[in-house]
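> Given the structure of chain L, go ahead and fit chain Z onto it with the hints provided.
So the protein sequences, as listed, match chains L and Z.
Under my numbering, the first residue of the first sequence carries the number 143, and numbering increases by one thereafter.
Under my numbering, the first residue of the second sequence carries the number 143, and numbering increases by one thereafter.
Do not take every clue at face value.
When chains are identical, the list treats them as one kind, so a pair holds in a single copy or across two.
As the list claims (entries may be wrong) - Here are the computed lysine-lysine pairs in the DSS-like style, where the Cα-Cα straight-line distance is at most 30 Å:
no.	residue 1	residue 2
1	LYS313	LYS355
2	LYS313	LYS471
3	LYS346	LYS313
4	LYS452	LYS225
5	LYS479	LYS490
6	LYS265	LYS181
7	LYS472	LYS313
8	LYS346	LYS415
9	LYS472	LYS415
10	LYS346	LYS438
11	LYS225	LYS172
12	LYS443	LYS491
13	LYS443	LYS225
14	LYS225	LYS378
15	LYS438	LYS229
16	LYS452	LYS415
17	LYS471	LYS225
18	LYS438	LYS452
19	LYS313	LYS452
20	LYS378	LYS452
21	LYS229	LYS355
Calculated directly from the structure, the hints in this document are not laboratory data.
Please read all numbers here as calculations on a predicted model, not as lab measurements.
Listed below are the residues making up each chain.
There are 2 protein chains.
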Amino acid sequence: MCYVFAYLHRRDLVDRIEGVMMRIAYEVMKKEFERVLKKHGMGEAETVRCASLFAQTSLDGVYSHGLNRFPVFIDYIERGVVKVGAKSSLEGCFGCLERWNGNEGPGNLNAYAAMERAIALAKDTTIGCVALSNTNHWMRAGSYGLLAAQSDCIGILWTNTMPNMPPWGGKEPLLGNNPLVLAIPHGDSPVLVDIAMSMFSYGKMMNYRREGKELPFDGGFDEEGNCTRDPAAILKTLRPLPIGYWKGSGLSLALDLIAATLSGGLTTHEVGKISVEATVSQVFLAINLASLPDRKAIEAKIEETLRALKESEPVEGGSAVHFPGEGTKKTREENLKEGIPVDEDIWKKVCQL
Amino acid sequence: MCYVFAYLHRRDLVDRIEGVMMRIAYEVMKKEFERVLKKHGMGEAETVRCASLFAQTSLDGVYSHGLNRFPVFIDYIERGVVKVGAKSSLEGCFGCLERWNGNEGPGNLNAYAAMERAIALAKDTTIGCVALSNTNHWMRAGSYGLLAAQSDCIGILWTNTMPNMPPWGGKEPLLGNNPLVLAIPHGDSPVLVDIAMSMFSYGKMMNYRREGKELPFDGGFDEEGNCTRDPAAILKTLRPLPIGYWKGSGLSLALDLIAATLSGGLTTHEVGKISVEATVSQVFLAINLASLPDRKAIEAKIEETLRALKESEPVEGGSAVHFPGEGTKKTREENLKEGIPVDEDIWKKVCQL
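Okay, chain L solo, but in the shape it has when bound (with noise of 0.2 Å):
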């Protein structure tokens, strides 16, 4: 069996509980949020989303970027990286695209109200765009593509980050892994593409490390320039590979360039200025598919290849083919109905905060 597929399907414990499990109700995780989020000075409306965004993360199996991430956030508004008031500000509108700056607000609230904000231009002139400038990490990258999906529209949209991968030729980290999000409507059920550019996230090849167990693909370079599956090695040199080598390298910068161009922002190597990672750009770009007059032969274009591709033939020893975002909707109705898995330690922290 090919090591490649049994990859695949270990991916959901990529992002897994570390210590011991319990599991916790959607709503007490989201009201626990809602505690805490108002306790640092978050408003009252602000405060029902920006729980309701880190507790559906969770709830959709990306607990990586939900409550596991929630106390990193807390951390960054105590020392005033996030500044927890402040709301995103209209800079511009240029024909169906506007500039927005995000004030150094919440990463997700900013994001949600910018992808809100493509997604009305859309409905308008089919395609809208919201370029953010000076925002903060908007947590998990998928949420957005949903929100658009949830309203009939395709999502694009991407982030810039601090600098963290070298560029391929080259051994100092000056590219970002600038996460990439398409979204295509799809029922309850969406296409939905969250990837960064980086093969592996620090995170993924710290959880191997400490298992002392091999990348299943190259990660990254060693401290001789040879490429590695060696965790280790790679956290070492700090040189992850980009997806696809100099593909993935020549993807990050030009999403960089973009998304600070369109926005007024800084580029990844203005945020290395910085000592944390804040204050980067963002693009989001909405597409209406219920401007177009065939919206039923669309639904069943998608639908045709999506069939095509869970009929088809898996790999030597694998399951069925799944097309991305597809087991989302399973993990969310098992995890509504049975609560959310979650590490006892992170959530009794989240509990003192």
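Frame of chain L, contents of chain Z only:
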């Protein structure tokens, strides 16, 4: 020294001249293309544009999609796959998105017209998008990105293709390699990312096999379902790897679905029902930087990032770091001065068409 880097500096050789090399002046090559195209029934203005696109592609060093591809293009005209006299026609306007039908005409002419139209739309509304159905292979993808950049627009464009790559977790080639271009204005040396979603093209794998060489990285699966660098094994299974494994698989699927839905054209799955690669779907998105109030600051921002890349420390044994598209200007100038390097046999073949 990392094998990776040795490969980087051999990339120009991958699309190399196979037989006896000679050099042909740009104008001579263009005139020869014009002669053949006219003989095959192409109109006056279309002939000039089509010949220029082919000759400029070779001039820029993308030999595989210039002269070397020209005989295939003529064969497609002769077989009626490319309808030599057909022009694209407007199917509908939806805000800043337009749908055009390529009417099975020459792919490079359709793509050029589509990008031109997207740029014209972007001059009005900052963002312009043309979705093109029913068109043919656009030859060099980068051509239309360069056109956007020359018009002071960011260009984001892609095409779907015939099915030629299995989805992640599957064995059957249901996805296309769906080339994607991102172009960013930067004087006479734009940033040009021009990448297919498969790690290596079939043409490149055949070159490696012919030379009895391994691929520099895993390029696909062998018959046992293991990832391999053996080009012969991959050419046997027809299971090339997507860039970034599951990531490129997701990207390919999303690009296909977006192109087919926006254009109302065929998906890769539908193209696969035809015996040749034809009637594909494409998206051309232009974003007009000249619409923005800080055009000069944008220029400085791009320049600063590119300078940082170029001044950064290269990998072990490597020379300077380059940005994608950087080498094109030099190749173009050299080929203009010295003549375009061609394979004598292919050149003779074109002269006999």
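> For every hint, state whether the structure bears it out.
Here's how the hints hold up against the structure:
1. LYS313 - LYS355: Close inside one copy (25 Å) and across copies (27 Å); limit 30 Å.
2. LYS313 - LYS471: between (41 Å within a copy, 25 Å between copies)
3. LYS346 - LYS313: both (21 Å within a copy, 27 Å between copies)
4. LYS452 - LYS225: The answer is neither: 45 Å in one copy and 35 Å across copies each exceed 30 Å.
5. LYS479 - LYS490: within (22 Å within a copy, 71 Å between copies)
6. LYS265 - LYS181: neither (37 Å within a copy, 48 Å between copies)
7. LYS472 - LYS313: between (42 Å within a copy, 25 Å between copies)
8. LYS346 - LYS415: For LYS346 and LYS415, the Cα distance is within 30 Å only inside one copy (25 Å; across copies 40 Å).
9. LYS472 - LYS415: neither (42 Å within a copy, 32 Å between copies)
10. LYS346 - LYS438: neither (40 Å within a copy, 40 Å between copies)
11. LYS225 - LYS172: within (21 Å within a copy, 60 Å between copies)
12. LYS443 - LYS491: neither (47 Å within a copy, 42 Å between copies)
13. LYS443 - LYS225: For LYS443 and LYS225, the Cα distance is within 30 Å only across copies (26 Å; inside one copy 44 Å).
14. LYS225 - LYS378: neither (33 Å within a copy, 57 Å between copies)
15. LYS438 - LYS229: For LYS438 and LYS229, only the inter-copy Cα distance (28 Å) is at most 30 Å; the intra-copy one is 38 Å.
16. LYS452 - LYS415: Between. Shortest inter-copy distance 18 Å satisfies the 30 Å Cα cut-off; intra-copy 46 Å does not.
17. LYS471 - LYS225: neither (33 Å within a copy, 45 Å between copies)
18. LYS438 - LYS452: The answer is within: 21 Å in one copy meets 30 Å, while 49 Å across copies does not.
19. LYS313 - LYS452: between (41 Å within a copy, 12 Å between copies)
20. LYS378 - LYS452: Close across copies (24 Å), not inside one copy (40 Å); limit 30 Å.
21. LYS229 - LYS355: neither (43 Å within a copy, 57 Å between copies)
In terms of the numbered hints stated before, the structure departs from hints 4, 6, 9, 10, 12, 14, 17 and 21, listed from lowest to highest.
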